[in-house]
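So the protein lines, in turn, are chains A and B.
Take the first sequence: its letter number 289 is residue 289 in UniProt numbering, and every next letter is one higher.
Take the second sequence: its letter number 112 is residue 112 in UniProt numbering, and every next letter is one higher.
Treat each hint with caution, since some may be false.
What the hints assert, rightly or not - Listed below are the simulated SDA-like cross-link pairs for lysine to any residue, each with C-alpha atoms no more than 25 angstroms apart in a straight line:
(1) B:K396 to B:G147
(2) B:K194 to B:E181
(3) A:K271 to B:T22
(4) B:K499 to B:K459
(5) A:K271 to B:Q412
(6) A:K271 to B:A360
(7) A:K160 to B:N97
(8) B:K398 to A:T223
(9) A:K271 to B:N18
(10) A:K271 to B:P209
(11) B:K417 to A:R31
(12) A:K271 to B:Y410
(13) B:K396 to B:Q412
(14) A:K271 to B:K217
(15) A:K160 to B:G147
(16) B:K217 to B:A360
(17) B:K444 to A:T223
(18) B:K444 to B:S383
(19) A:K160 to B:K459
(20) B:K217 to B:S207
(21) A:K271 to B:S510
Because the hints were derived from the structure by calculation, they are not lab data.
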Amino acid sequence: MRASDLLHPRPEGLYCPPGDFFIDPVRPVSRALITHGHSDHARSGHRSVLATQQTLDIMRLRYGEGFAGTTQAAALGEAIALNGVTVTFHPAGHVLGSAQIEVVHQGSCIVASGDYKRQRDATCEPFEPVKCDVFITEATFGLPVFRHPPDTEEIARLLKSTAQFPERAHLVGAYALGKAQRVMRLLRDAGYDRPIYIHGALAKLSDYYQSQGIELGTLEPATVESSGKEDFTGAIVVGPPSAFADRWARRFPDPISCFASGWMRIRQRAKQGGVELPLIVSDHADWDELTTTIRETGAGEIWVTHGREEALVRWCELEGIAARPLHLVGYEDEGD
Amino acid sequence: MNRFAELLDRLVLTPSRNGKLTLLSDYFRSVEDPDRGLALAAITGDLTIAAVKPAMLRALVMERMDPVLFGYSYDYVGDLAETVSLVWPQSPADIANHVPTLAEVVAKLQAASRSDGPKVLARLLDSASISARFAVIKLVTGGLRIGVSARLAKQALADLGKVDIAEIEELWHGLTPPYAELFAWLEGKAEKPKKTALALFRPVMLSNPIGDGDLEKLDPADYAAEWKWDGIRVQAVSEGGVRRLYSRTGDDVSGAFPDLAEAMDFSATLDGELLVGDPRQATGTFSDLQQRLNRKSVTPKIQQQYPAFMRCYDVLQIGDEDLRTRAFRERRGHLEAFVQTLDPSRFDLSPLVEFTDWQALEELRRKPLHPVIEGVMLKRWDSPYLTGRPKGPWFKWKRDPHTIDAVLMYAQRGHGKRSSFYSDYTFGVWSGPEGSEELVPVGKAYFGFTDEELRQIDKYVRDNTIERFGPVRSVRADRRQGLVLEVAFEGLNRSTRHKSGVAMRFPRISRLRWDKPAAEADRIETLQALLDS
Numbered sequence: 001m002r003a004s005d006l007l008h009p010r011p012e013g014l015y016c017p018p019g020d021f022f023i024d025p026v027r028p029v030s031r032a033l034i035t036h037g038h039s040d041h042a043r044s045g046h047r048s049v050l051a052t053q054q055t056l057d058i059m060r061l062r063y064g065e066g067f068a069g070t071t072q073a074a075a076l077g078e079a080i081a082l083n084g085v086t087v088t089f090h091p092a093g094h095v096l097g098s099a100q101i102e103v104v105h106q107g108s109c110i111v112a113s114g115d116y117k118r119q120r121d122a123t124c125e126p127f128e129p130v131k132c133d134v135f136i137t138e139a140t141f142g143l144p145v146f147r148h149p150p151d152t153e154e155i156a157r158l159l160k161s162t163a164q165f166p167e168r169a170h171l172v173g174a175y176a177l178g179k180a181q182r183v184m185r186l187l188r189d190a191g192y193d194r195p196i197y198i199h200g201a202l203a204k205l206s207d208y209y210q211s212q213g214i215e216l217g218t219l220e221p222a223t224v225e226s227s228g229k230e231d232f233t234g235a236i237v238v239g240p241p242s243a244f245a246d247r248w249a250r251r252f253p254d255p256i257s258c259f260a261s262g263w264m265r266i267r268q269r270a271k272q273g274g275v276e277l278p279l280i281v282s283d284h285a286d287w288d289e290l291t292t293t294i295r296e297t298g299a300g301e302i303w304v305t306h307g308r309e310e311a312l313v314r315w316c317e318l319e320g321i322a323a324r325p326l327h328l329v330g331y332e333d334e335g336d
Numbered sequence: 001m002n003r004f005a006e007l008l009d010r011l012v013l014t015p016s017r018n019g020k021l022t023l024l025s026d027y028f029r030s031v032e033d034p035d036r037g038l039a040l041a042a043i044t045g046d047l048t049i050a051a052v053k054p055a056m057l058r059a060l061v062m063e064r065m066d067p068v069l070f071g072y073s074y075d076y077v078g079d080l081a082e083t084v085s086l087v088w089p090q091s092p093a094d095i096a097n098h099v100p101t102l103a104e105v106v107a108k109l110q111a112a113s114r115s116d117g118p119k120v121l122a123r124l125l126d127s128a129s130i131s132a133r134f135a136v137i138k139l140v141t142g143g144l145r146i147g148v149s150a151r152l153a154k155q156a157l158a159d160l161g162k163v164d165i166a167e168i169e170e171l172w173h174g175l176t177p178p179y180a181e182l183f184a185w186l187e188g189k190a191e192k193p194k195k196t197a198l199a200l201f202r203p204v205m206l207s208n209p210i211g212d213g214d215l216e217k218l219d220p221a222d223y224a225a226e227w228k229w230d231g232i233r234v235q236a237v238s239e240g241g242v243r244r245l246y247s248r249t250g251d252d253v254s255g256a257f258p259d260l261a262e263a264m265d266f267s268a269t270l271d272g273e274l275l276v277g278d279p280r281q282a283t284g285t286f287s288d289l290q291q292r293l294n295r296k297s298v299t300p301k302i303q304q305q306y307p308a309f310m311r312c313y314d315v316l317q318i319g320d321e322d323l324r325t326r327a328f329r330e331r332r333g334h335l336e337a338f339v340q341t342l343d344p345s346r347f348d349l350s351p352l353v354e355f356t357d358w359q360a361l362e363e364l365r366r367k368p369l370h371p372v373i374e375g376v377m378l379k380r381w382d383s384p385y386l387t388g389r390p391k392g393p394w395f396k397w398k399r400d401p402h403t404i405d406a407v408l409m410y411a412q413r414g415h416g417k418r419s420s421f422y423s424d425y426t427f428g429v430w431s432g433p434e435g436s437e438e439l440v441p442v443g444k445a446y447f448g449f450t451d452e453e454l455r456q457i458d459k460y461v462r463d464n465t466i467e468r469f470g471p472v473r474s475v476r477a478d479r480r481q482g483l484v485l486e487v488a489f490e491g492l493n494r495s496t497r498h499k500s501g502v503a504m505r506f507p508r509i510s511r512l513r514w515d516k517p518a519a520e521a522d523r524i525e526t527l528q529a530l531l532d533s
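Start from the sequences and build out the full structure, keeping to the hints where you can.
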């Protein structure tokens, strides 16, 4: 069977005709397989959803009880038959609960990786390369300029800055699912034991991470009611990046704006966003991770989705690997 | 090298002066000699390294990677130095156990000949981290562009040693990188370095603005009055054949004014205003003077068209005699006699202004006899020449600023304390024929308002946003609706860079005109008239 008969793009998302299911559909469908809980991949309103238990939990937290008609939890590594097609979820290392989906039918094997990264992350299961014929890769950071440094170095710079500017608050912009918890966990692993103040948008998800055994230490709401302005002196405050442009940020003393994102690799991006301390911490694979992973899967063909497809396709051509862009629409980089 | 790279990375994104000072003095405190001194020299522009052309840099990287992938990368990043620092291929074998120090990097670059320069650079890039590669490229392509002036770096040194910046400025030109003796003194480990070099800078005396009620407390008989000329305050020092022209912050600007330096065939230190024109005939405007500023080289044509001269205010030293402790009255006598002996096309005397009482001086200040005058100076007859800005002996009494009513067009978020406020405003005035007027931006201002007014404007911006571009918001501004700002400014220059053709000097918001309809704001012709006057 040709690979494109097993999976191909439709306006709703990536579709599998023999299995009659979609992967990460952007519109409501009858059966959806979901790689991870970021809102551009996990949407509400599908009739049935198959995802890891943690992804289902995250969707429930974000959308409420009725986010899907029926749900089924996929255990990592467990083969599930859907109309004669075998699907298996494998860890993707992106955020808590994130998975790649391996689709096998009549001897042909495709892995849809969703979003993934290779750097070690204490808040989720590490990525496992899966041998396949076709590997579908993201390309959020699919340019040779994106090289993420070790996240511990970035956190060390944040802590150095808090020592250099003890009279100011450090506001760390980090997306609510995954990045925020990873930053907090990195701070704890670096020995930071003061309370971390969080924006209200992070509370439910951070509680959930803690309930899954990921220690984040003492988190306090960054509200003026609980704390006077001077109490935030020297504090680290984590919140969604959008909040820092908002009036919300006025409660902090002379804040230093930090942003944890792979985009912070580019100085102009940091400058434009008014970021004083860019922290290059990403939940996506950088250029070297993308190319290493492509080699490790042993895939003879690469399909490239959302991001900078052309550079990665070019690299594959130079390496003699067949590659093409998939042109899926509707995926932004919420996770970074 | 990595610490220097980290410092550059932080400085370029830190907008506040205090933040920069903290970063710099922390660096100087924690890094050892000679690295810290070389970093200082790189920042002040005193480090000599043979420059590498961008084309060469590009050629080096093209040898190492696919040109198509480089093209995608460069298109995305937009800055060559940064792109190369990021895409430079590095094999694990290249990563040395030993990270080269800044001193080692500088030594290798300085020792490189023209022919082996590219190879030396490539080897350095091989062994460096991404940030360090960026710093190396910045060193060799010239100009760090990190928003730190030499003056700010000297202030950080002053903070480090808890000394007055004037002491550092005075020593500076006698010192050379890596400044080990300077750091030793600042850290209390050695005596202050001796001033042995010739023609050193002497820290200048500055004035305070006349405030409300100040004049009533002063006796006109105690003060001399003098025009305040709108050029660049300079100090001309000529000693033992060494001639230097310094800015008021102690930067050596001799290279930009070879015509004036050539005429400094004396042995003295003079304080005055740098202007262009021929002092015997006509004094050029500040716009004319700008033709001579910020140029890498001064062509003979420009020198002829805009000859530089110095209008002398004061004399600090003649021959071996330091006059700074003498009273202004005595120094003035020396100055008048001394200027007589100089080339009259290059030096003249700033005339004193006769007056009997403050009222009479006020009249003169309001109607100065020359457009290049921006007010009057008051100097106590008995004042010695002091360093810095002592309160009392010297006052500046400036001409009232110009004002214009402009319409708010764009607002940008501020930094630090203001990072959640839209606090930087671009404003425009009307242009075009009646019935189809358009706003044309004429300037940008980010101060002059109170905290309460800032809150009000911020709310207005948020409520009337029509478009967003990153941190910038476009605000509704048309004939029927818009916020009128009264903008005060010191002067106007012609500008080819701005669509409106004008650039304001020192613009600030002087009043919010909530009451004024946008359509009644000023027109561009009002500014153009000011330019031509």
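Okay, the hints, checked on the actual structure:
no.: 1; hint: B:K396 to B:G147; result: violated (29 angstroms)
no.: 2; hint: B:K194 to B:E181; result: holds (10 angstroms)
no.: 3; hint: A:K271 to B:T22; result: holds (20 angstroms)
no.: 4; hint: B:K499 to B:K459; result: violated (29 angstroms)
no.: 5; hint: A:K271 to B:Q412; result: holds (13 angstroms)
no.: 6; hint: A:K271 to B:A360; result: violated (52 angstroms)
no.: 7; hint: A:K160 to B:N97; result: holds (24 angstroms)
no.: 8; hint: B:K398 to A:T223; result: violated (48 angstroms)
no.: 9; hint: A:K271 to B:N18; result: holds (18 angstroms)
no.: 10; hint: A:K271 to B:P209; result: violated (36 angstroms)
no.: 11; hint: B:K417 to A:R31; result: violated (50 angstroms)
no.: 12; hint: A:K271 to B:Y410; result: holds (18 angstroms)
no.: 13; hint: B:K396 to B:Q412; result: violated (33 angstroms)
no.: 14; hint: A:K271 to B:K217; result: violated (49 angstroms)
no.: 15; hint: A:K160 to B:G147; result: holds (22 angstroms)
no.: 16; hint: B:K217 to B:A360; result: holds (17 angstroms)
no.: 17; hint: B:K444 to A:T223; result: violated (35 angstroms)
no.: 18; hint: B:K444 to B:S383; result: violated (39 angstroms)
no.: 19; hint: A:K160 to B:K459; result: violated (35 angstroms)
no.: 20; hint: B:K217 to B:S207; result: holds (17 angstroms)
no.: 21; hint: A:K271 to B:S510; result: violated (29 angstroms)
Checked against the numbered hints given earlier, this structure breaks hints 1, 4, 6, 8, 10, 11, 13, 14, 17, 18, 19, 21; the rest are met.
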